[in-house]
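Student: Residue numbers (this note's numbering), protein chains in the order written: chain A, 8 to 88; chain B, 8 to 88; chain C, 15 to 160; chain D, 15 to 160.
It should be emphasised that the hints constitute simulated quantities derived from the structure, not laboratory data.
Heads up, simulated EDC-like pairs for lysine to aspartate or glutamate below, C-alpha to C-alpha not over 16 Å straight-line:
#1 D:Lys43 to C:Glu59
#2 C:Lys43 to D:Asp108
#3 C:Lys43 to D:Asp107
#4 D:Lys43 to C:Asp108
#5 C:Lys77 to A:Glu61
#6 C:Lys43 to D:Asp56
#7 C:Lys77 to A:Glu74
#8 C:Lys143 to C:Glu103
#9 A:Lys13 to A:Asp73
#10 C:Lys43 to C:Glu91
#11 D:Lys143 to D:Glu69
#12 A:Lys13 to A:Asp30
#13 B:Lys13 to D:Glu69
#14 D:Lys143 to B:Glu20
Next come the chains, spelled out residue by residue.
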Amino acid sequence: MAITVKFFASLRERMGCDETVIDSQSAGTIAEVWQQVADDEVLPANLLMAVNMEYAEPGSVVRDGDEVAFFPPVTGGGNGC
Amino acid sequence: MAITVKFFASLRERMGCDETVIDSQSAGTIAEVWQQVADDEVLPANLLMAVNMEYAEPGSVVRDGDEVAFFPPVTGGGNGC
Amino acid sequence: MAVEIRGGAFEPWQELASFQQRMSAVSGKYGATAVFVGTMRDFNEGDAVRGMFLEHYPQMTEKHLEMIAKEAVQRWELLDVLIIHRVGEICPDDPIVLVAAWTAHRAAAFEAARYLIDELKSRAPFWKKESLPEGERWVTGNTPAD
Amino acid sequence: MAVEIRGGAFEPWQELASFQQRMSAVSGKYGATAVFVGTMRDFNEGDAVRGMFLEHYPQMTEKHLEMIAKEAVQRWELLDVLIIHRVGEICPDDPIVLVAAWTAHRAAAFEAARYLIDELKSRAPFWKKESLPEGERWVTGNTPAD
Numbered sequence: 008m009a010i011t012v013k014f015f016a017s018l019r020e021r022m023g024c025d026e027t028v029i030d031s032q033s034a035g036t037i038a039e040v041w042q043q044v045a046d047d048e049v050l051p052a053n054l055l056m057a058v059n060m061e062y063a064e065p066g067s068v069v070r071d072g073d074e075v076a077f078f079p080p081v082t083g084g085g086n087g088c
Numbered sequence: 008m009a010i011t012v013k014f015f016a017s018l019r020e021r022m023g024c025d026e027t028v029i030d031s032q033s034a035g036t037i038a039e040v041w042q043q044v045a046d047d048e049v050l051p052a053n054l055l056m057a058v059n060m061e062y063a064e065p066g067s068v069v070r071d072g073d074e075v076a077f078f079p080p081v082t083g084g085g086n087g088c
Numbered sequence: 015m016a017v018e019i020r021g022g023a024f025e026p027w028q029e030l031a032s033f034q035q036r037m038s039a040v041s042g043k044y045g046a047t048a049v050f051v052g053t054m055r056d057f058n059e060g061d062a063v064r065g066m067f068l069e070h071y072p073q074m075t076e077k078h079l080e081m082i083a084k085e086a087v088q089r090w091e092l093l094d095v096l097i098i099h100r101v102g103e104i105c106p107d108d109p110i111v112l113v114a115a116w117t118a119h120r121a122a123a124f125e126a127a128r129y130l131i132d133e134l135k136s137r138a139p140f141w142k143k144e145s146l147p148e149g150e151r152w153v154t155g156n157t158p159a160d
Numbered sequence: 015m016a017v018e019i020r021g022g023a024f025e026p027w028q029e030l031a032s033f034q035q036r037m038s039a040v041s042g043k044y045g046a047t048a049v050f051v052g053t054m055r056d057f058n059e060g061d062a063v064r065g066m067f068l069e070h071y072p073q074m075t076e077k078h079l080e081m082i083a084k085e086a087v088q089r090w091e092l093l094d095v096l097i098i099h100r101v102g103e104i105c106p107d108d109p110i111v112l113v114a115a116w117t118a119h120r121a122a123a124f125e126a127a128r129y130l131i132d133e134l135k136s137r138a139p140f141w142k143k144e145s146l147p148e149g150e151r152w153v154t155g156n157t158p159a160d
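Please put together the full structure from these sequences, using the hints given.
Tutor: Right, dumping it as structure tokens:
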């Protein structure tokens, strides 16, 4: 009955934690997961999200046991390269 | 009073030698150098030529002491790469 | 095919040498190898950079790098592919990322290597935080491809 | 910048490692390295190839490779460039050519490396003679770039 929610990079720092667990009955979509973990703050437009390590959209459905993640745009590779 | 003439690759094999020296007075252009070394055979259309290691044209002027070279299209690098 | 995340320094040329030694099955079949290495610069956007921390999303990173590698293998008929990406604390002049593609012909090798690094930079969940003399900052967007 | 003609076998990754060690002047300045290695395949145009002889025009080769390298340095603001090309008797699986370009950004590195190998193949005076089971043949034209 639980959904694990992870945060990365600058969002992790802003949220003050890297992971939290919420009740799956309170969240049917990623947007609803966000509302719950972010105290109704508007979902930032450039935020990326994943369900079970696949990229997803705010409307994507989440299910009990899922791992949801929110993170800023990715910046891998060399710096400047 | 001499021009060195070099041949490479399949042309070298066909000419039977890699280098010959001709009298510079008998040759004012590369085309004339070719006529002299190739017994008036027509200059093959795809043959490349160089004067002092710079690519040149049949009409390029040659001077005493120059090194002239004739060779087939170049095929450096890996095979098939 | 290999995809690796490294927590410590790696030497790209040594990695290529030892990876290629294990590629005996395609020995004599590849005519072209294209490689790209991204190295940490000591400057970015006009500022001096002292060091960098590279965060990632464990498992999701590997999963997406493997997807990218498989896409490239299929699209360009690669004979082999190697991706190595560093995470954690990184110093200037350290290699950060290595991608390599082995093919029969050269155009495919170049295109595949370019694809690997471009897709890695846009899809793999890595984030860079730079240490400047004035403090730290998260890199907010990757340099565009051209 | 270095341009080298080698009469014997060379190991591309080892060459890159030792060349890069001598690049201390631009340490921390390059973010991107693009490398291309052409290796001898044991087949070409549908035929098995046992070995190859690579002929060249000494001095003219070096001169033109240096011209090509300088053109690339100027056009893409390369921080460094390396070209190594093998001549003489070559066996399948042997590296034949290595080109490498070091730059601040990745697009320039890829474009420069591609330019180096394309120009080398069209302008540098090298000729390949293949040994097939049926006898020898001169390679008459390079594979087109794409």
